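A.B. asks: Quick mapping for you: the protein sequence lines, in order, are chains A and B.
Whatever position you read off the first sequence (first residue = 1), add 74 for my numbering.
Whatever position you read off the second sequence (first residue = 1), add 594 for my numbering.
FYI, nobody ran anything at the bench for these hints, they're computed from the structure.
None of the values given here were measured: they were computed from a predicted structure.
Each residue gets a CB set at the ideal place from its N, CA and C atoms; glycine is no exception.
Honestly, I wouldn't trust all of these hints.
Partial chain A-side listing against chain B, Cβ under 7 Å, derived [unchecked claim]:
| id | residue |
| --- | --- |
| 1 | A150 |
| 2 | S206 |
| 3 | Q207 |
| 4 | V217 |
The lines below spell out each chain.
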Amino acid sequence: MSARTWIILAIVAVVIFAIGGINTIPRLEEGVNASWAQVQNEYQRRSDLIPNLVETVKGYANFEKQTLTDVINARASATKVTITPENLSDPEAMKKFEAAQGQLSSALSHLMAVSERYPDLKANQNFIALQSQLEGTENRIAVARRDYIAAVQDYNVRVRTFPGVLWAHIYGAQPKQSFTATEGAATPPAVKF
Amino acid sequence: MMRRLALGVFLLFFCATAHAAPHFPVLTGHVVDDANVLSRDAAQELDQKLMEYERGTSNQVIVVTLSSLQGLTIEDYGYQLGRYWGIGQKGKNNGTLFIVAPNERKVRIEVGYGLEGVLTDATSSQIIQGIVLPNFKSGDMERGVVDGAQAILEVLGGHGVVVSSSDNHASTVQSVLGLIMLILFLSFAARHPFIAMMLLSDSRFGGSSSGGSSWGGGGGGSFGGGGASGSW
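Chain B with its partners taken away, still in its complex shape:
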């Protein structure tokens, strides 16, 4: 009886708050791929990179893809999401959200109060226009997200925005190397299946899950609408 009552009160409260504010996804890590635009490997790799970046600098950079903006503009949704999650450390407000809404075709870099001086509106806009949108327009969402996040980290680290118009050559070299590695690995696996399994499970599951659980989530930072948006 009491439990049911408590549940009722909880639901009532939940409905009341859900009505007042948009519904926000759960902050599960440094990459929240609500719209499923990233492959599992890319999401994990990016998550790992952003986690290490936070360990080194205490700056929180979160990549989030949204399946819906719920009728709000991305500017309106962005700062509220940042505040709701409390991205950035309390008092330092050193958080940044990289938001992609593929269904509305909108993208935004939302910068916390404390990072506005480094990641300015102009550089945020440069990253979006020069790095993110060209990839989105050509249909490579994943690369746009990964390269955009990388550019954000570089700018926060004191570097300028480097817009590379064509590094297709590098990427073909990379994929050829990847293919060779894969063939070598498969031939190795055919001879020693047990060792290959151990290698796979160790790098895939062991590493990432222990990393994910040690993260404390948002640090209580706040946002004031700085950053830039774009659409494609």
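Chain A with its partners taken away, still in its complex shape:
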């Protein structure tokens, strides 16, 4: 190759370097990982509230056994499904995670809906405190999920568009999985009696 071709190639390389930024993809990936960690923290926080909640509710005579068992089982299977940062590009892993946590969400919202029928329980100070903690945690989960979605979007746009796509090729960076469920899915379903 002639000297001129080399110079042009060098200029192109410098331009890509300048625009793409060699550190951008790792930096955005760190952002994705951090916000994922936050999502898992908040789900963990919810999980940690459940034993206390179950214990409180159990004390009330003839509280629906099935509702409690559903919550306990859903919690047990949800704690088994975690995603490490390396697996965030795996759509199957994300689907499993979503399914397990979604199951727990609906079991919990059913429990809260059923508790409406027990005036004594609703007046219990311990239960009131747990209820507000659960509400707060659900809200934290919603915020953490939105932050994660935003971080993944930043990262994926960079990985899929020029010049980031070149760096992605070099690093072997894959697009990350976002949440598929809409925000509406986080609101408790209506329970009819």
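Chain A is fixed; fit chain B onto it per the hints.
C.D. replies: Relative to chain A, chain B alone:
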């Protein structure tokens, strides 16, 4: 020409960002009474108290009343407002927003990451249910806001939530005392109008304006959706 171009670019940018995020009020102090539920005196007094609290602890507690939530839930609006203003110090995230939306009849205590351990969801809920909402329901918005803010400060200072069901007696004593003071002051003012004017202007305008200008605004803290909400 250049100026017009710059303005155009600015407006374009502004419209673009305004479209993406809800419109937030300007952070003018520790009390942002956008919905006009507080009297001037109460707002100033509360602002002063929260400012002194921040000086002592670096915790930022901001009271904000909103004329509209712009179609969002108060939970959704709250954490975004906290992040937008950057309430709390950077790295400590020790900020708290006490948000009142009278038109939607919603109230929320939005707690920054760093204060979640002290001002928990349960205590936030206790403050709202036990102190704020009873006053709102009986139509005394101002007292609900002032007492709610006071309770937040007490909890952050390590105290429990004290729900006083009736301190009407204390408040009548206070208002009688206030009336006596007012009469005494007026009779004094009738004799020495000039000194009375000086006293008034000094305490009202001199003090608060110098305090307001020294505040640096939000410290860059962040929020993750902790706290509690209520409606009436």
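A.B. asks: Run every hint past the structure and note whether it holds.
C.D. replies: Hint check results:
Checking A150/A against chain B by beta carbon gives a least distance of about 25 Å; that is not within 7 Å, so the hint is violated. Hint status for S206/A relative to chain B: holds, with the closest Cβ pair at about 4 Å, below 7 Å. Restraint check, Q207/A versus chain B: the minimum CB separation of about 5 Å is within 7 Å; hint holds. Interface hint status for V217/A: upheld, as the beta-carbon distance to the closest one in chain B is roughly 3 Å, under 7 Å.
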